[in-house]
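Counting the sequence shown from 1 gives a position; the numbering used here is that position plus 187.
Hints in this document: simulated from the structure, not taken from any laboratory.
Every value quoted in this text rests on a predicted model; they were computed, and no experiment measured them.
Possibly wrong hints are sitting among the right ones.
[Claimed, not checked] Across the chosen pairs, the derived CB separations fall in these ranges:
#1 Asp305 / Gln407: 22 to 32 Å
#2 Pro370 / Ile414: 43 to 53 Å
#3 Asp410 / Asn471: 14 to 24 Å
#4 Met290 / Met462: 18 to 28 Å
#5 Ala464 / Ile440: 23 to 33 Å
#6 Leu325 / Asn406: 46 to 56 Å
#7 Ala373 / Thr457: 51 to 61 Å
#8 Val327 / Gly451: 44 to 54 Å
#9 Lys428 / Ala464: 35 to 45 Å
#10 Thr485 / Asn442: 38 to 48 Å
Each residue gets a CB set at the ideal place from its N, CA and C atoms; glycine is no exception.
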Amino acid sequence: MRTVSRFALCILLTLLFGMTTQAQAQEAEPEIDMGEPEAAPTGELGTAADPSGEIDSAAAEPEAATPQPKAGGSAKEKEAAVGDARDSWKDIVVVIRKPFLKMNRIELAPYTGLTLNDNMIRHFALTAQASYWLTDVLAVGGEGQYFSKNTLETFDLVARQDRRLPTLNEYLYGGALNFHYVPMYAKFAMFKNIVHLEGMFTLGIGVTKSRVIPRDPANQSWDNTLITPNLGFSMRVFLTKFMTLNLSFRDYIFNDKYESVTRGEDPNETLEQAMAASNGQLVNHIMFQVGLSFWFPTSFRYTTFR
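All chains should be modelled from the sequences, with the hints used to inform the complete structure.
As structure tokens, this is what we get:
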């Protein structure tokens with residue numbers, strides 16, 4: 188029992204000693220009065236006229252130097268001064284609207300073109316196209332073509348060197364129903380002017396009339412009516428509000444019928460027999476075309492705000 192009493196007495200004395208030490212430490216620290224501001228020494232901040240040591244913030248802080256416009260600055264810089272009221276609308280940047288609208292307008296476009304992928308016969312084409320624009324990017328229209336041919340030097344060289352006449356057909360005219368879609372619009376600077384242009388895809392279906400050119404001029408020729416799907420890509424440059432410059436590549440695809448290589452072996456062969464013996468071949472008639480478009484009405488009106 189005495190051992191337990193001594194042990195408890197030691198614990199009690201230890202707790203009392205720790206509490207006394209903590210109280211002395213708290214008394215040694217000065218209390219901070221949040222109600223009154225701490226006074227600065229008179230020698231540092233106070234003056235003879237103001238012994239309280241308070242400082243007037245307006246007098247203590249140096250006045251901000253007002254920036255003066257440079258001597259060589261522009262008129263706008265001289266007029267603008269710090270603190271002047273500014274109009275908020277002057278900071279708004281307006282995006283320039285498209286300079287050309289096509290919706291609900293009719294496009295009439297004459298073209299001229301030539302064949303690119305035939306090294307023996309070249310066709311020149313005069314094309315007239317009319318389109319109605321349902322929206323600013325989608326149109327439906329039709330075209331008509333008239334062709335004229337011109338044989339190239341390769342045709343004569345093969346005949347002279349190989350003593351064989353090439354089998355050729357000429358194209359007479361054609362027509363198509365086309366659909367146009369404009370997915371691209373761009374602009375660039377040239378000679379301090381902004382040039383606006385767009386890219387257009389075309390897909391259509393039509394007919395082409397071709398004519399067989401007999402190797403023997405004594406033989407009779409015949410015409411073929413060919414179903415002709417076509418596809419192409421065009422670039423359009425806007426010149427005025429009613430006129431544009433067009434550059435296009437078109438591929439007219441058809442299965443043409445050519446004179447048989449055995450024609451002439453039978454002197455009694457009729458034209459119907461020659462037509463039945465003709466050979467079919469898939470043709471990609473690729474043309475490059477240049478033309479102008481004229482738009483009606485010749486002017487348009489914006490229906491939305493900037």
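- request: Hint says 35 to 45 Å; check whether the CB-CB distance for lysine 428 and alanine 464 agrees.
  value: Violated, at about 57 Å.
field: methionine 462 and methionine 290 - C-beta distance against the hinted 18 to 28 Å
entry: For methionine 462 against methionine 290, whose Cβ atoms are near 48 Å apart, the range 18 to 28 Å is violated.
query: Honestly, do aspartate 410 and asparagine 471 meet the 14 to 24 Å range at C-beta?
result: holds, 21 Å
- prompt: Honestly, do leucine 325 and asparagine 406 meet the 46 to 56 Å range at C-beta?
  reply: This hint holds: roughly 48 Å between Cβ atoms.
- prompt: Is it true that the C-beta distance of threonine 485 to asparagine 442 lies inside 38 to 48 Å, as the hint says?
  reply: Between threonine 485 and asparagine 442, where Cβ atoms are some 42 Å apart, the hint holds.
- prompt: Do the beta carbons of proline 370 and isoleucine 414 sit within 43 to 53 Å of each other?
  reply: violated, 27 Å
query: alanine 373 and threonine 457, beta-carbon distance inside 51 to 61 Å?
result: Given range 51 to 61 Å: holds, Cβ gap about 59 Å.
- prompt: Does the Cβ distance between valine 327 and glycine 451 fall inside 44 to 54 Å?
  reply: holds, 47 Å
Glutamine 407 and aspartate 305 - C-beta distance against the hinted 22 to 32 Å: holds, 24 Å
field: Pairwise beta carbon distance, alanine 464 to isoleucine 440, judged against the given window 23 to 33 Å
entry: Since alanine 464 and isoleucine 440 have Cβ atoms about 24 Å apart, the given range 23 to 33 Å holds.
Violation of the numbered hints given earlier is confined to hints 2, 4 and 9; the remaining hints are satisfied by the structure.
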